[in-house]
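Protein chains: 4
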Amino acid sequence: MTDVCMVVGAGAGIGGHVGKRFAEGGYHAALCRRSDQDGLDRMVAEITASGGSASGHLLNAVEDGSIEEAIAQIEAEVGPIKTLVYNLGAQVGNRPLADTHHKMFEMGWRLGTYGLFRAAKILMPLMEKRGGGTFLVTSATAAVRGNNGQHSHAAAMAGRRMLCQTLNAEFAPKNIHVVHILIDSAVNAPDTLGKLLGPERFAKLLEAKAHGKDELMEPSAIADTYFHIAHQHRSAWTFELDMRTFSDTAWWNHPVDL
Amino acid sequence: MTDVCMVVGAGAGIGGHVGKRFAEGGYHAALCRRSDQDGLDRMVAEITASGGSASGHLLNAVEDGSIEEAIAQIEAEVGPIKTLVYNLGAQVGNRPLADTHHKMFEMGWRLGTYGLFRAAKILMPLMEKRGGGTFLVTSATAAVRGNNGQHSHAAAMAGRRMLCQTLNAEFAPKNIHVVHILIDSAVNAPDTLGKLLGPERFAKLLEAKAHGKDELMEPSAIADTYFHIAHQHRSAWTFELDMRTFSDTAWWNHPVDL
Amino acid sequence: MTDVCMVVGAGAGIGGHVGKRFAEGGYHAALCRRSDQDGLDRMVAEITASGGSASGHLLNAVEDGSIEEAIAQIEAEVGPIKTLVYNLGAQVGNRPLADTHHKMFEMGWRLGTYGLFRAAKILMPLMEKRGGGTFLVTSATAAVRGNNGQHSHAAAMAGRRMLCQTLNAEFAPKNIHVVHILIDSAVNAPDTLGKLLGPERFAKLLEAKAHGKDELMEPSAIADTYFHIAHQHRSAWTFELDMRTFSDTAWWNHPVDL
Amino acid sequence: MTDVCMVVGAGAGIGGHVGKRFAEGGYHAALCRRSDQDGLDRMVAEITASGGSASGHLLNAVEDGSIEEAIAQIEAEVGPIKTLVYNLGAQVGNRPLADTHHKMFEMGWRLGTYGLFRAAKILMPLMEKRGGGTFLVTSATAAVRGNNGQHSHAAAMAGRRMLCQTLNAEFAPKNIHVVHILIDSAVNAPDTLGKLLGPERFAKLLEAKAHGKDELMEPSAIADTYFHIAHQHRSAWTFELDMRTFSDTAWWNHPVDL
Numbered sequence: 001m002t003d004v005c006m007v008v009g010a011g012a013g014i015g016g017h018v019g020k021r022f023a024e025g026g027y028h029a030a031l032c033r034r035s036d037q038d039g040l041d042r043m044v045a046e047i048t049a050s051g052g053s054a055s056g057h058l059l060n061a062v063e064d065g066s067i068e069e070a071i072a073q074i075e076a077e078v079g080p081i082k083t084l085v086y087n088l089g090a091q092v093g094n095r096p097l098a099d100t101h102h103k104m105f106e107m108g109w110r111l112g113t114y115g116l117f118r119a120a121k122i123l124m125p126l127m128e129k130r131g132g133g134t135f136l137v138t139s140a141t142a143a144v145r146g147n148n149g150q151h152s153h154a155a156a157m158a159g160r161r162m163l164c165q166t167l168n169a170e171f172a173p174k175n176i177h178v179v180h181i182l183i184d185s186a187v188n189a190p191d192t193l194g195k196l197l198g199p200e201r202f203a204k205l206l207e208a209k210a211h212g213k214d215e216l217m218e219p220s221a222i223a224d225t226y227f228h229i230a231h232q233h234r235s236a237w238t239f240e241l242d243m244r245t246f247s248d249t250a251w252w253n254h255p256v257d258l
Numbered sequence: 001m002t003d004v005c006m007v008v009g010a011g012a013g014i015g016g017h018v019g020k021r022f023a024e025g026g027y028h029a030a031l032c033r034r035s036d037q038d039g040l041d042r043m044v045a046e047i048t049a050s051g052g053s054a055s056g057h058l059l060n061a062v063e064d065g066s067i068e069e070a071i072a073q074i075e076a077e078v079g080p081i082k083t084l085v086y087n088l089g090a091q092v093g094n095r096p097l098a099d100t101h102h103k104m105f106e107m108g109w110r111l112g113t114y115g116l117f118r119a120a121k122i123l124m125p126l127m128e129k130r131g132g133g134t135f136l137v138t139s140a141t142a143a144v145r146g147n148n149g150q151h152s153h154a155a156a157m158a159g160r161r162m163l164c165q166t167l168n169a170e171f172a173p174k175n176i177h178v179v180h181i182l183i184d185s186a187v188n189a190p191d192t193l194g195k196l197l198g199p200e201r202f203a204k205l206l207e208a209k210a211h212g213k214d215e216l217m218e219p220s221a222i223a224d225t226y227f228h229i230a231h232q233h234r235s236a237w238t239f240e241l242d243m244r245t246f247s248d249t250a251w252w253n254h255p256v257d258l
Numbered sequence: 001m002t003d004v005c006m007v008v009g010a011g012a013g014i015g016g017h018v019g020k021r022f023a024e025g026g027y028h029a030a031l032c033r034r035s036d037q038d039g040l041d042r043m044v045a046e047i048t049a050s051g052g053s054a055s056g057h058l059l060n061a062v063e064d065g066s067i068e069e070a071i072a073q074i075e076a077e078v079g080p081i082k083t084l085v086y087n088l089g090a091q092v093g094n095r096p097l098a099d100t101h102h103k104m105f106e107m108g109w110r111l112g113t114y115g116l117f118r119a120a121k122i123l124m125p126l127m128e129k130r131g132g133g134t135f136l137v138t139s140a141t142a143a144v145r146g147n148n149g150q151h152s153h154a155a156a157m158a159g160r161r162m163l164c165q166t167l168n169a170e171f172a173p174k175n176i177h178v179v180h181i182l183i184d185s186a187v188n189a190p191d192t193l194g195k196l197l198g199p200e201r202f203a204k205l206l207e208a209k210a211h212g213k214d215e216l217m218e219p220s221a222i223a224d225t226y227f228h229i230a231h232q233h234r235s236a237w238t239f240e241l242d243m244r245t246f247s248d249t250a251w252w253n254h255p256v257d258l
Numbered sequence: 001m002t003d004v005c006m007v008v009g010a011g012a013g014i015g016g017h018v019g020k021r022f023a024e025g026g027y028h029a030a031l032c033r034r035s036d037q038d039g040l041d042r043m044v045a046e047i048t049a050s051g052g053s054a055s056g057h058l059l060n061a062v063e064d065g066s067i068e069e070a071i072a073q074i075e076a077e078v079g080p081i082k083t084l085v086y087n088l089g090a091q092v093g094n095r096p097l098a099d100t101h102h103k104m105f106e107m108g109w110r111l112g113t114y115g116l117f118r119a120a121k122i123l124m125p126l127m128e129k130r131g132g133g134t135f136l137v138t139s140a141t142a143a144v145r146g147n148n149g150q151h152s153h154a155a156a157m158a159g160r161r162m163l164c165q166t167l168n169a170e171f172a173p174k175n176i177h178v179v180h181i182l183i184d185s186a187v188n189a190p191d192t193l194g195k196l197l198g199p200e201r202f203a204k205l206l207e208a209k210a211h212g213k214d215e216l217m218e219p220s221a222i223a224d225t226y227f228h229i230a231h232q233h234r235s236a237w238t239f240e241l242d243m244r245t246f247s248d249t250a251w252w253n254h255p256v257d258l
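Residue numbers (this note's numbering), protein chains in the order written: chain A, 1 to 258; chain B, 1 to 258; chain C, 1 to 258; chain D, 1 to 258.
The hints are simulated quantities; they were obtained by calculation from the structure and are not laboratory data.
Any given hint could be a false lead.
Since the list can't tell identical chains apart, any single copy or any two copies may satisfy a pair.
With a straight-line Cα cutoff of 25 Å, these simulated SDA-like cross-link-like pairs (lysine to any residue) come out [to be verified]:
no., residue 1, residue 2
1, Lys209, Asn253
2, Lys82, His228
3, Lys195, Ser35
4, Lys121, Ala72
5, Lys103, Glu63
6, Lys213, Leu193
7, Lys174, Ala221
8, Lys103, Ser66
9, Lys174, Ala72
10, Lys121, His101
11, Lys82, Gly26
12, Lys209, His254
13, Lys213, Leu126
14, Lys82, Lys121
15, Lys103, Asn60
16, Lys121, Met107
17, Lys213, Gln232
18, Lys209, Asp257
19, Lys129, Gln73
So here's chain A without its partners, still in its complex pose (with noise of 0.2 Å):
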C-alpha cells in the first residue's frame, strides 16, 4: 500500500509545495485545505499528471470533528498516514491589544495550538500502533518570541511549539519523528502573502525579491528540506530547525550597518 503524507493547509504555499514533493518521492498526498476546491482541483491535477498519487479534502479545521473524520476518512479509503504536515497558520497580522478581539484570541488558538492536539490524539495511537510515523509542524518566527501586535499569533504558535516538545518526549522513543520548523521569513505563498497584500503590492514584492533574487522563499526549496528532515535516520533525528532566505536578518537580529 502507499504511504500517505496527509498535509493540513494545503495552499499554494509551503503546504501544496509538501505535498508535491512527498508525491515525487512516492507517497499519496492528501492535501487537506478549507476553501477553494478549485485550487484543490488543480493541485491534485497537477501532482496526477505528473505521474503522482494525490486526493483533495475540503475542511474546516477549526471545528471539533474535521480533522478527526479527515484522518479516519483518508486511513479508510486511502491507506495508513505515514507523514502528517500540519501547515496551519495562525496569523492576523500586527494589532494592538485593543483590536484584538476575544474571538480571534481563541481562533489563533483553535488553529495554531488545539488542532495539532486534536490530530495528534488521532494520529498518535495509530503511528504507534504500526511501529512508526512522522509529524512535520510548520512554525513561525512568534513561537520563540512575541513581537508587538502579535498577542493571539505568538501565544498560539508558541503552545505549537511547545505541544512539539512534549509529544517528541512521549513519541520519539515509540519511532515517531516530530519536527518543529520554524519558517522566519516571508513565503513567496500567492495564497497566504499574495491575498494579505492584495494583487497589485504582491506583484511589486515578487518583482523586488523573487525573480532570481531569492529574497523571498520559495516553498519548493522548503519542501524539499521537509522531505529530508522526514526520512533522516532514527539514529540522527532534528527536532527543530529554522528557515529564512539568505538575505534576510535573522529573528535574534536587528540591521546594523557595518
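Using the hints, position chains B, C and D against chain A.
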C-alpha cells in the same frame, strides 16, 4: 486613595504571600480565588490584624466575565488596581497524551493563557489611562520546555509567556511593567502541592525539605522578590527572571555527580 | 568582621553604584578598576563621607595573577569576600570580521570569560569553606544573540553566560548564589558610554534620554536590584534576569508601529 | 575545478563520514586531523577506492597558523574550498572546577571558539570574493546549557555558537551559508567516544545501543543531513538544527515515566 494589588489565584502559596507582602508595603490586597471562603477570610483577617488592608473575592477564572467583573468591582469599590498578580496554575500532573483529554487541554489554555489575555483586555486600558501599572505573572518551567506528560500545561504556559512578551512590547513604553516569573522548583504551598500529594506525603516532604533546610521554595521569600521587581525604577525594569531553591537542579541541567 | 563586596570593574556606571549600594547596606566595598586612581579615590571618598566603608584597588584584569592577587589581598587585609560583582565589559563596538583582529578577539575572551573563570578558581573554594557567598555577573545582550559586528563580544559574553551556568550547577548546592544579569539597554555611565561617544554626543544623549525621562538605565537603579538579588532567601534564588529601560525594545523584538 | 570540502577534525566519526559523503557528492574531501597518519591514509584510500577524490592533512589546530596554512595549501594545490566543516570537539569530560585547570580552560576556547574564528578570518574573504560558500559547524549541547562539570566545554561551545551567529549576520547576505549543528546524543565514533571509554566499555556500548538498535548516532546518517543542509536553496537556509537519536531524551527534558 490606596493602591490596590489584585491577586488572581490567592491560595496559601505564592498568591496569598504576595498579597500579604504588598499589604505590608501599603497596598490594599484584593485576594481572588476560586473556592474556600473560609481560607480566604482567614487570609484577609490575618492581613487586617497586622494593620494591613485586604479584601477577599471568590471567582471562577475560567468563566467568561468572572475576572472582568472582579476587576470592575475592585476598581469601583476599593480603588485603582496598580498591580495585577496573575498567579493561576494550570498543572494537571504528568499524563500521557492518551490521558490528556480535550477538555483538560482546553482548560489548561483557559487558565494558563486566555485568562491573562482577558485580564489584560480590561486592565491595560485602565492602567494606560492612569499612566502606569504592573503585571506580575507567575509562570512555570513548562513555559520554556515541554517535558514528557506536560501536553496541556506546557502549551498553556508557553502561550502565557509569549503573551507576556507581546504585552510587554506594546505596554512597557506606556509605563506598564510586565514581568514573567519562572518558578522552577516546588513551592511549600498547602493549597496546591499539599493537595496534590495528600496530607501524609506532604508532611513527609516538609520534614525532608522544609523546616530550615530551605529545599522547598518558601512563598514568603518569593513574595519579597515580587515586591522588589514591582518597584524597580522604570529605567531598569526586569521582564523575566527565574527562581528556584539553591539545592535544586535548574531545568536546563540534569543531575551529574562529579 | 565586615562582609566585603568586591567589585571587579568599578567605574562610574554599574560597578561603582553597586559598590555604593552594598556599602549603604553595611558591606565594605572593595572597588577594583584598571586605571584612573583619582576617579577611584573619589568613589571611595564619597562612600566614606556618607559613613560607609570602602577601598580602591587598581588592577589590570587581563593580566594573569591580577584578580587573584587582589582577592588574596582583600581577603587578608579587609575581610572575607561575601559578594563578588564581576562587572568587566568586553565591548569593542560593531566591527566587521575584517576589522576584528586576533588580539581583539582574544582580549574579549580574557575580559569576558577567562577573568571570571580565574576569579571563580580562587574565590569559590574560599566561599565553599565559609559555607556560602554570591557571584553577581553583569552581562550583555550579546550573551544570548550574536548581532552583526559582535564577533568578539558575543563569543566572549556567551562564554561568560555558560560559565555562569556551570558554576551555578556545581556551587548553588554549596550555598553559593551565582547570578547572570543581562543588561539590555544603554547605561548612563560616563566612564564607558560617555567615553565611547565623547563629551558632546554624550551630553546630547543625556539631554534627550536622561534627566527624568528615564530612557537611559540609571546605574543606581540597577544597583538596587543587584542588592536585592544578592539577598534573596536561598529557597528562592534567581539565576538569570534581564534589565532594560521601559522605553526600549527588548532584544528579541524589533520595532513595530501598530 | 572540483569543489573542495575541507573537514577540520576528520576522525572516524562525524568528520570522516561527512568527508566521505561530500566526496560521494562530487567534492574533493580535504581531511584534516591532528594525528594518526595511518587512519588518515585509510580514510583517503577508502574514498579514492570508491571513485572519490580526497587528500589528508595533519594539523594541530590549536597552533597559530596551522589552520591558516592548511587552508592556503589546499586552496593552492587542490582548489577553492566551497565548504568548510569545522568539527573540532573540546570535551574534557565532567570535571569539578577544582580539576578544571587554567590551561584546559584555555585549550577549550582555542579549539572550541578561537580556531573557528581563525578559519573564518582566512576563508570568509576568499568565499566572499568567489560569491559564496558554506560553513558547517558541528556543535554540542554544551553550546546552549552549562551542565555540571562543563566549565571549559560549555564556555567554549557557547562562544562557538555566538560566533556562528555573528558570522551568519555578516556573511549570509554575501551568500555564505553558516550552519550551527547541535549534536545532542553520543555518536558511534571509535576515535572519540571509543577512546574516551576504552575498547571494552565501547564494545559493550555498541552491543547495547548500536547494531540495528540505532540508539547511538550513526555518523553516516549525520553526514547525510550535513550534505542536505549544505545544498539548501539560498531562499531557504537553515542556520541551526539539533540532532539526536530517537531513543534519547532531548537536552531540555529530563526522563519522566508516565
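Same-copy or cross-copy closeness of Lys213 to Gln232 [CA-CA at most 25 Å]: between (30 Å within a copy, 15 Å between copies)
Intra/inter-copy verdict for Lys129 and Gln73 if alpha-carbon distance must be at most 25 Å: So Lys129 and Gln73 pass the 25 Å test inside one copy only (18 Å; across, 54 Å).
Up to 25 Å CA-CA - Ala221 versus Lys174, copy category: between (30 Å within a copy, 19 Å between copies)
Lys213 and Leu193: within-copy, between-copy, both or neither at 25 Å Cα: Cα proximity of Lys213 and Leu193: one copy only (18 Å, versus 40 Å across).
Same-copy or cross-copy closeness of Lys209 to His254 [CA-CA at most 25 Å]: Cα proximity of Lys209 and His254: in one copy and across copies (20 Å, 21 Å).
Intra/inter-copy verdict for Lys82 and Gly26 if alpha-carbon distance must be at most 25 Å: Close inside one copy (12 Å), not across copies (32 Å); limit 25 Å.
Copy assignment of Lys209 with Asn253, given that the CA separation must stay at most 25 Å: both (21 Å within a copy, 24 Å between copies)
Intra- versus inter-copy proximity for Glu63 and Lys103 (alpha-carbon distance at most 25 Å): both (14 Å within a copy, 15 Å between copies)
Homomeric proximity label, Lys103 with Ser66: Cα distance no greater than 25 Å: both (19 Å within a copy, 17 Å between copies)
Alpha-carbon proximity context of Lys103 and Asn60, limit 25 Å: Answer is both; intra-copy 16 Å and inter-copy 20 Å each pass.
Up to 25 Å CA-CA - Asp257 versus Lys209, copy category: For Lys209 and Asp257, the Cα distance is within 25 Å both inside one copy (20 Å) and across copies (23 Å).
Homomeric proximity label, Lys121 with Met107: Cα distance no greater than 25 Å: both (19 Å within a copy, 16 Å between copies)
Comparing the model with each numbered hint stated earlier shows that all of them hold.
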